[in-house]
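Asks: These protein sequences, in sequence, are chains Z and Y.
Those letters in the first sequence? Residues 1 to 190, by our numbering.
Those letters in the second sequence? Residues 1 to 190, by our numbering.
Simulated from the structure, these hints should not be mistaken for laboratory data.
In this text, a Cβ means the ideal position worked out from N, Cα and C, and glycines have one as well.
Among the clues, some could well be false.
[Said to hold, decoys possible] In silico DSS-like cross-links for lysine-lysine, where the CA-CA straight-line distance does not exceed 25 Å:
id, chain 1, residue 1, chain 2, residue 2
1, Z, K10, Y, K112
2, Y, K112, Y, K95
3, Y, K21, Y, K5
4, Z, K40, Y, K40
5, Y, K10, Z, K112
6, Z, K111, Z, K15
7, Z, K15, Y, K111
8, Z, K21, Z, K5
9, Y, K103, Z, K103
10, Z, K81, Y, K81
11, Z, K81, Y, K103
12, Z, K111, Y, K111
13, Z, K112, Y, K21
14, Y, K95, Z, K103
15, Z, K81, Y, K15
[Said to hold, decoys possible] Distance ranges between label pairs, derived from CB positions:
id, chain 1, residue 1, chain 2, residue 2, range
16, Y, S182, Z, R44, 45 to 53 Å
17, Y, E97, Z, S180, 38 to 46 Å
18, Z, I13, Y, Q2, 44 to 52 Å
19, Z, P16, Y, K112, 18 to 26 Å
2 protein chains.
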Amino acid sequence: MQLLKDRILKDGIVKPGNILKVDSFLNHQMDITLINEIGKEFKRRFSDCPITKILTIEASGIGIACITAQYFNVPVVFAKKAQSLNLDGEMYITKIESFTHKKVYDVILSKKFLGPDDHVLLIDDFLANGCALLGLIDIVRESGATLEGAGIVIEKGFQKGGQQIRDMGIRLESLAIIDSMSDNSLVFRD
Amino acid sequence: MQLLKDRILKDGIVKPGNILKVDSFLNHQMDITLINEIGKEFKRRFSDCPITKILTIEASGIGIACITAQYFNVPVVFAKKAQSLNLDGEMYITKIESFTHKKVYDVILSKKFLGPDDHVLLIDDFLANGCALLGLIDIVRESGATLEGAGIVIEKGFQKGGQQIRDMGIRLESLAIIDSMSDNSLVFRD
Chain Z
1 MQLLKDRILK DGIVKPGNIL KVDSFLNHQM DITLINEIGK EFKRRFSDCP
51 ITKILTIEAS GIGIACITAQ YFNVPVVFAK KAQSLNLDGE MYITKIESFT
101 HKKVYDVILS KKFLGPDDHV LLIDDFLANG CALLGLIDIV RESGATLEGA
151 GIVIEKGFQK GGQQIRDMGI RLESLAIIDS MSDNSLVFRD
Chain Y
1 MQLLKDRILK DGIVKPGNIL KVDSFLNHQM DITLINEIGK EFKRRFSDCP
51 ITKILTIEAS GIGIACITAQ YFNVPVVFAK KAQSLNLDGE MYITKIESFT
101 HKKVYDVILS KKFLGPDDHV LLIDDFLANG CALLGLIDIV RESGATLEGA
151 GIVIEKGFQK GGQQIRDMGI RLESLAIIDS MSDNSLVFRD
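So that you can see chain Z by itself, here it is in the shape it has in the complex:
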């Protein structure tokens, strides 16, 4: 998606440790006009899929998922990190390791909101090691829903997550895949 790649080149900042900061438009401040174009692009790429729900994980995936859901006319469900007193009843539970925060979370989703009749599109802002996405895939499998695919805004193509998920036979659409990055350059996959 050229609009996104141009924005990453213009406003993305590469930091030591293979960190790409896009917090001025994607995951701290959010440029809603850009995210609307991202939502339209996900709809274009998954227009052949009978999506009934968009599943994401808190926190930075939620806004992108909500904007995208408007183009599919479906609800969003977001998995929560750590136990909440307000969540009771039966839950799907999995564990994910956060690269950013260097810790392991329990991730939970109420069983009420995902079941065998659902056709699920996963949405998230970043894919690097794939831990968050693998956690969501676990939850979809446990629910018996059909996983139609995953839409990612930015994939770090030089980390293992994308390859691992494609090798599982899952349809993965990343709007910008970065093959290498350094202080001076940022190379996108064609």
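Given the coordinates of chain Z, assemble chain Y onto it according to the supplied hints.
Replies: Using the frame of chain Z, we list chain Y on its own:
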């Protein structure tokens, strides 16, 4: 907002401890059609304000803020709970106490994304004790921005937050205010 009140009566569940669960449409599963109507209503109520940014706090405020932002044509900025390795540079920092999770969070916002030229609308899903909203108000004051007001989806009118914030002279628009609730009844303020 009658559509919202009707939905709370239909799908809200009152739990012991003055907990109102609206997780089937607002803060776990999200009914995007309803949230679009909520966004339009916030725009109607704050149409006289020169809003430049919508500020919310992760996680459940983000989706509502993003949908609402489309009607104001402004970016969303969300404050983050706890330190993230990806957030460097100067930050506004405040503390909030979570009623739901029974703990105190550091809440941070990058100084890059809020300053004296901004006119801010705060958006959140719930207002009860007011801790989250007071934290966001702190951040706005520290930034030198103009606080235009706060838009809340559901206010628990029998808890102190709403009164406290109105007493500070802040314009607070809650789309549904609950004056009392029990297993058998839920009373809205007119």
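Asks: The structure should be examined with respect to each hint, and the outcome stated for every one.
Replies: Now for the hints, and whether the structure bears them out:
{"no.": "1", "hint": "K10(Z) x K112(Y)", "verdict": "holds, 16 Å"}
{"no.": "2", "hint": "K112(Y) x K95(Y)", "verdict": "holds, 20 Å"}
{"no.": "3", "hint": "K21(Y) x K5(Y)", "verdict": "holds, 14 Å"}
{"no.": "4", "hint": "K40(Z) x K40(Y)", "verdict": "holds, 21 Å"}
{"no.": "5", "hint": "K10(Y) x K112(Z)", "verdict": "holds, 16 Å"}
{"no.": "6", "hint": "K111(Z) x K15(Z)", "verdict": "violated, 39 Å"}
{"no.": "7", "hint": "K15(Z) x K111(Y)", "verdict": "holds, 18 Å"}
{"no.": "8", "hint": "K21(Z) x K5(Z)", "verdict": "holds, 14 Å"}
{"no.": "9", "hint": "K103(Y) x K103(Z)", "verdict": "holds, 19 Å"}
{"no.": "10", "hint": "K81(Z) x K81(Y)", "verdict": "holds, 12 Å"}
{"no.": "11", "hint": "K81(Z) x K103(Y)", "verdict": "holds, 15 Å"}
{"no.": "12", "hint": "K111(Z) x K111(Y)", "verdict": "violated, 39 Å"}
{"no.": "13", "hint": "K112(Z) x K21(Y)", "verdict": "holds, 13 Å"}
{"no.": "14", "hint": "K95(Y) x K103(Z)", "verdict": "holds, 22 Å"}
{"no.": "15", "hint": "K81(Z) x K15(Y)", "verdict": "holds, 22 Å"}
{"no.": "16", "hint": "S182(Y) x R44(Z): 45 to 53 Å", "verdict": "holds, 49 Å"}
{"no.": "17", "hint": "E97(Y) x S180(Z): 38 to 46 Å", "verdict": "holds, 44 Å"}
{"no.": "18", "hint": "I13(Z) x Q2(Y): 44 to 52 Å", "verdict": "holds, 46 Å"}
{"no.": "19", "hint": "P16(Z) x K112(Y): 18 to 26 Å", "verdict": "holds, 19 Å"}
Checked against the numbered hints given earlier, the structure breaks hints 6 and 12 and satisfies all the rest.
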